[in-house]
Amino acid sequence: MRDVAVIGVGETEFGELWDRSFRDLGIEAGLKAIQDAKIASEEIDAVYIGNMSAGKFIDQEHVSALVADYSGLADMHLPTVRIEGGGACGAIALLQARLAIASGMYDIVVVGGAEKMTDVGDVQAAEILSSTADQEWESVFGATFAGLYAMMARRHMHEYGTTREHLASVAVKNHKNGSLNPEAQFQKEITLESVLNSPMVAEPLGLFDCAPLSDGAAAVVLCAADRARKFTDTPVLFKGSGQASDFLALHDRRDLCTMDATVVAGKRALAEAKLEPKDIQVAEVHDNFTITEILAIEDLRFVEKGKGGPATVEGVTALNGKISVNTSGGLPPLGGTGATAVVHIFERGD
Amino acid sequence: MAIPRFWREIGSRYNLIGTKCGNCGKVDFPPRAVCPGCGRKSIGRMERLRLAGKGSVVTYTVIHDAPAQFEMQKPYVMAIVEMDEGVRLTCQLIDVRPEDVTIGMRVQSTFRKLGQEGEAGVIHYGYKFRPAART
Chain A
0 MRDVAVIGVG ETEFGELWDR SFRDLGIEAG LKAIQDAKIA SEEIDAVYIG
50 NMSAGKFIDQ EHVSALVADY SGLADMHLPT VRIEGGGACG AIALLQARLA
100 IASGMYDIVV VGGAEKMTDV GDVQAAEILS STADQEWESV FGATFAGLYA
150 MMARRHMHEY GTTREHLASV AVKNHKNGSL NPEAQFQKEI TLESVLNSPM
200 VAEPLGLFDC APLSDGAAAV VLCAADRARK FTDTPVLFKG SGQASDFLAL
250 HDRRDLCTMD ATVVAGKRAL AEAKLEPKDI QVAEVHDNFT ITEILAIEDL
300 RFVEKGKGGP ATVEGVTALN GKISVNTSGG LPPLGGTGAT AVVHIFERGD
Chain B
0 MAIPRFWREI GSRYNLIGTK CGNCGKVDFP PRAVCPGCGR KSIGRMERLR
50 LAGKGSVVTY TVIHDAPAQF EMQKPYVMAI VEMDEGVRLT CQLIDVRPED
100 VTIGMRVQST FRKLGQEGEA GVIHYGYKFR PAART
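If you're matching them up, the sequences are chains A and B in order.
At position 173 of the first sequence (counting the first as 1) the number is 172 in numbering that gives the first Met the number 0, and the numbers step up by one without a gap.
At position 62 of the second sequence (counting the first as 1) the number is 61 in numbering that gives the first Met the number 0, and the numbers step up by one without a gap.
Please keep in mind that the hints were generated in silico from the structure rather than gathered at the bench.
Backbone N, C-alpha and C define an ideal beta-carbon position, used for all residues, glycine too.
Mixed in with the good hints, there may be bad ones.
The calculated lysine-lysine pairs, modelled on DSS-like cross-linking and capped at a C-alpha distance of 30 Å, are [what the hints assert, rightly or not]:
id	chain 1	residue 1	chain 2	residue 2
1	A	LYS55	B	LYS73
2	A	LYS266	B	LYS25
3	A	LYS55	B	LYS112
4	A	LYS304	A	LYS273
Here are some of the chain A residues that sit facing chain B, going by a computed Cβ distance under 10 Å [what the hints assert, rightly or not]:
id	residue
5	ALA125
6	ALA132
7	ASP133
8	VAL139
9	THR143
10	GLY146
11	MET151
12	HIS157
13	GLU202
Facing chain A, from chain B, some residues (calculated, C-beta under 7 Å) [claimed, not checked]:
id	residue
14	THR58
15	THR60
16	VAL61
17	ILE62
18	HIS63
19	PRO66
20	ALA67
21	MET77
22	ILE79
23	ARG87
24	LEU88
25	THR89
26	CYS90
27	GLN91
28	ILE102
Using the sequences and the accompanying hints, generate a full structural model.
This is the structure we're talking about:
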């Protein structure tokens with residue numbers, strides 16, 4: 000296996016971008032990353048795109064070829080790959096691109112994540128989000144995506160004494176971080192009271208416990224490490240990665256308060272990098288709901304199981320805390336997530 | 000959505016038909032062709048099993064932001080129930096006020112309308128759960 004480095008990144012702004020189409024977003028992020036990496040288009044070997052549900056959101060499939068085409072790459076007839084894996088699309092696309100370079104098959108891959116969510120109404124968007132759950136045995140009975148996370152939150156409260164204030168402190172922290180990020184969807188701080196008083200979506204989760212619908216894209220240029228110096232003096236090496244899955248339906252999982260897939264993926268990534276959780280200083284984790292970040296920091300073993308809420312209140316995960324979590328303000332939804340995480344970490348290293 | 004999609008699941012949606020592994024005895028719902036614990040050893044040995052319909056609430060939520068199909072029912076209670084056979088499922092809880100639902104509460108299955116396909120489309124049915132009758 001060859002080492003792989005990140006040599007360029009790009010992202011769009013995130014939010015309700017009425018004037019931008021899916022292809023606009025994909026192109027902008029991709030071209031910014033290519034420009035940042037200072038590569039010529041002839042040097043690109045493949046394009047990988049993480050996207051969850053363009054087919055449902057904008058009635059468009061075959062989006063990897065579409066974005067490559069409108070990025071001016073059609074004549075190169077590049078292999079283009081679209082990857083779907085629920086909210087993990089962008090991250091999986093990155094890992095697959097890494098593997099393709101590590102194997103020796105490709106030298107340079109442009110990999111991104113993109114989602115255009117606001118071309119459908121709110122109710123329809125929520126239904127599309129629910130399609131990552133088990134349609135036949137969860138959604139059909141009325142379980143929404145927020146409802147499933149709410150049931151994890153309720154159980155976490157029951158087993159560990161987690162409170163709504165603990166959950167809300169995740170939203171307060173991430174909004175504060177977002178207020179410092181010019182690309183963030185919301186660039187203002189919010190108070191604990193406003194989170195607690197926000198209208199209920201699925202008890203115990205209120206509106207501010209939930210990520211907003213968002214449009215946006217992020218892209219990364221990955222390069223074989225032995226060639227990376229040609230393009231940049233500061234390549235960022237992929238030290239380790241891990242991916243895992245679990246029972247799809249929440250009710251089938253071993254423990255409602257643990258994402259076993261996160262535990263396993265985290266262990267695999269750290270083992271490859273020869274690191275321990277205590278070595279990590281900054282992390283971007285999935286935070287589509289406030290409970291998600293609490294579960295993530297516990298399951299990645301940054302804090303003890305059950306202590307994610309109190310740790311957040313105590314500032315353990317705040318900017319310049321023991322471990323800074325979601326310094327960007329939290330992740331944009333779906334296809335963009337994993338790629339954006341890498342963009343943000345990369346930019347912090349600059 | 001096509002009628003067969005509902006029709007083919009009637010056994011489990013109406014009668015809580017699951018499977019029991021002939022190798023280790025673990026119960027699954029809905030039916031599985033392969034036992035998650037035994038893998039290949041269970042193939043061809045998964046026996047049909049009808050759940051008795053009784054269980055306890057493991058966790059729950061009250062849905063306020065509902066899909067279009069459930070708009071008229073909100074706020075409604077969703078729960079994960081652990082059946083007495085050991086398997087868990089997701090269901091709606093009815094005939095109970097949201098504030099009266101507790102973790103550990105005993106519930107039993109009942110047969111209800113789940114939804115319908117538009118104004119004139121097929122109506123589909125299945126299980127919901129309600130507080131268990133006191134015995």
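Do the hints match the structure? See the list:
1. This hinted pair checks out: LYS55 of chain A and LYS73 of chain B have alpha carbons roughly 25 Å apart, not beyond 30 Å.
2. A threshold of 30 Å between alpha carbons decides the hint, and for LYS266 of chain A with LYS25 of chain B the separation of about 29 Å falls inside it, so the pair holds.
3. With a CA separation close to 27 Å, the supplied pair LYS55 of chain A and LYS112 of chain B stays within the 30 Å bound.
4. Between the alpha carbons of LYS304 of chain A and LYS273 of chain A the distance comes to roughly 22 Å, so the proposed pair stays at or under 30 Å and holds.
5. Here the hint on ALA125 of chain A is kept, as its CB sits about 7 Å from the closest CB of chain B, short of 10 Å.
6. For ALA132 of chain A, the shortest C-beta to C-beta distance to chain B is roughly 9 Å, which falls under 10 Å, so the interface hint holds.
7. At about 8 Å, the closest approach between the beta carbon of ASP133 of chain A and any beta carbon in chain B falls short of 10 Å, and the interface hint on this residue holds.
8. Contact between VAL139 of chain A and chain B, as hinted, is supported at the beta carbon level, the nearest pair being about 6 Å apart and thus within 10 Å.
9. The beta carbon of THR143 of chain A comes within 6 Å of a beta carbon in chain B, closer than 10 Å, and the hint placing it at the interface holds.
10. For the restraint placing GLY146 of chain A at the interface with chain B, the shortest Cβ-Cβ distance is roughly 5 Å, inside the 10 Å limit, so the hint holds.
11. With 10 Å as the threshold, the beta carbon of MET151 of chain A comes within range of chain B, its nearest partner Cβ sitting at about 7 Å, so the hint holds.
12. A hinted interface residue such as HIS157 of chain A counts as satisfied when its beta carbon comes closer than 10 Å to some beta carbon of chain B; here the least separation is about 5 Å, so the hint holds.
13. Satisfaction of the interface hint for GLU202 of chain A is found here, the shortest Cβ-Cβ separation to chain B being roughly 4 Å, below the 10 Å cut-off.
14. Annotation: THR58 of chain B was flagged as interfacial toward chain A, and the flag holds, the nearest CB pair being 4 Å apart, inside 7 Å.
15. With its C-beta approaching chain A no nearer than about 4 Å, THR60 of chain B sits inside the 7 Å limit, and its interface hint holds.
16. Residue-level restraint check for VAL61 of chain B holds (minimum Cβ-Cβ distance to chain A is 4 Å; threshold 7 Å).
17. The criterion of a C-beta within 7 Å of any C-beta in chain A is met by ILE62 of chain B, whose closest approach is roughly 5 Å, and the hint holds.
18. Annotation: HIS63 of chain B was flagged as interfacial toward chain A, and the flag holds, the nearest CB pair being 4 Å apart, inside 7 Å.
19. At about 5 Å, the closest approach between the beta carbon of PRO66 of chain B and any beta carbon in chain A falls short of 7 Å, and the interface hint on this residue holds.
20. Annotation: interface hint on ALA67 of chain B holds; nearest CB of chain A at approximately 5 Å, less than 7 Å.
21. Among the interface hints, the one on MET77 of chain B holds; its C-beta lies about 5 Å from the nearest C-beta in chain A, closer than the 7 Å criterion.
22. Using the Cβ-Cβ criterion of 7 Å, the hint placing ILE79 of chain B at the interface with chain A is satisfied: the shortest such distance is roughly 5 Å.
23. Annotation: ARG87 of chain B was flagged as interfacial toward chain A, and the flag holds, the nearest CB pair being 4 Å apart, inside 7 Å.
24. For LEU88 of chain B, the suggested interface contact is upheld, since its CB lies about 6 Å from the closest CB of chain A, less than 7 Å.
25. For THR89 of chain B, the interface hint holds, since its Cβ comes within 7 Å of a Cβ in chain A; the closest pair sits about 5 Å apart.
26. Hint status for CYS90 of chain B: holds, given a least beta-carbon distance of 6 Å to chain A, under 7 Å.
27. A cut of 7 Å between beta carbons decides the hint on GLN91 of chain B: the least distance to chain A is about 5 Å, and the hint holds.
28. Annotation: interface hint on ILE102 of chain B holds; nearest CB of chain A at approximately 5 Å, less than 7 Å.
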